[in-house]
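Chain A is fixed; fit chain B onto it per the hints.
There are 2 protein chains.
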Amino acid sequence: MHASDIAVNVPTVTVHDPVALAVRVMAVSRLPGLVVVDERSRPHLVLPGTQVLRLAVPGAYQEDPALARAVDEEHADHFWQELGDLTVGDCAPRRPVKPVTVRADATLLEVAALMARLHSPLVAVVDEDGVLLGAVTLERLITSLAVFGHVD
Amino acid sequence: MHASDIAVNVPTVTVHDPVALAVRVMAVSRLPGLVVVDERSRPHLVLPGTQVLRLAVPGAYQEDPALARAVDEEHADHFWQELGDLTVGDCAPRRPVKPVTVRADATLLEVAALMARLHSPLVAVVDEDGVLLGAVTLERLITSLAVFGHVD
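If you read the protein sequences in the order shown, they are chains A and B.
Position one of the first sequence corresponds to residue 1 (the working numbering), numbered consecutively onward.
Position one of the second sequence corresponds to residue 1001 (the working numbering), numbered consecutively onward.
These are calculated hints, taken from the structure and not from any lab test.
You may find that some hints are simply not true.
To be verified - Just a sample of chain B residues kept apart from chain A, beta carbon distances all over 12 Å, derived:
| # | residue |
| --- | --- |
| 1 | P1011 |
| 2 | T1012 |
| 3 | T1014 |
| 4 | V1015 |
| 5 | D1017 |
| 6 | V1028 |
| 7 | R1040 |
| 8 | S1041 |
| 9 | E1063 |
| 10 | D1064 |
| 11 | D1072 |
| 12 | P1096 |
| 13 | P1099 |
| 14 | V1126 |
| 15 | D1127 |
As the list claims (entries may be wrong) - Sample of chain A residues facing chain B (criterion: CB under 8 Å; computed from the structure):
| # | residue |
| --- | --- |
| 16 | N9 |
| 17 | A27 |
| 18 | Q62 |
| 19 | R69 |
| 20 | L114 |
| 21 | M115 |
| 22 | I142 |
All of these numbers come straight from a predicted model, not from anything done at the bench.
For each residue, glycine too, the CB sits at the ideal point set by N, CA and C.
Isolated chain A, as found in the complex (with noise of 0.2 Å):
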């Protein structure tokens, strides 16, 4: 089996998007994580759920445990309105990090090997031109394995 035959279409988002979007996005299509692409469709950055949701936590409620207990229970649940207008871009790691991508003829096995090492439990698949194709989920990835892959 071959990446294109498990990737899924998905909904993308780009840098210039809100991160309030980009959090919304991936709750409504209810994936473990988002790609972000180009103005060509190109990953640009395929992110983890809980790094999408790092975008949206402030920063000092993740370093300080006690900061985020000490907010009153009314606020807790409204804590990301105060995102305003950040984009992705705003938020996202500055340092470039190269995009979790397979091509469409990789082996499930190929995609396992990227899924663990780089902790990504979402991969984008592409064309040859780079262009996005869809994406391989780890819930599929390991359902289809499971499946397919006859385990005793």
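Chain B only, in chain A's frame:
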């Protein structure tokens, strides 16, 4: 809202269970990770899905993408039949790691901050004795915040 409001029941494994079983439990439950418990149902480890996959993909393939690419397709679909009887304990990280847990009365902001800081799409919810009550998934957290948090 509290962690206990959005937690779900989750199947668990122990360090004595085979890795192959752990992967299948995660696949069938469709969770983004796995809670490993001790003999008193207290979380010992909370593993993100990519970490569970790391247990199953031989290290050589993770470190050398060219090696993974060199495996023929027939073999690539069956790579984890080589796991044999390896247990979760055999493969799990050696250095002691505090399991990713919160108490039932934690706010969603606390859970979000923990997920973001520890890169874990799964957080175990425990009672005052540290016994597992359930778990919160990243997807459920974000959906709850979007639906109940009145995101603009």
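Discussion item. Check the structure against each numbered hint from earlier and tell me which ones fail, lowest number first.
Written reply: 6, 9, 10, 11 and 16
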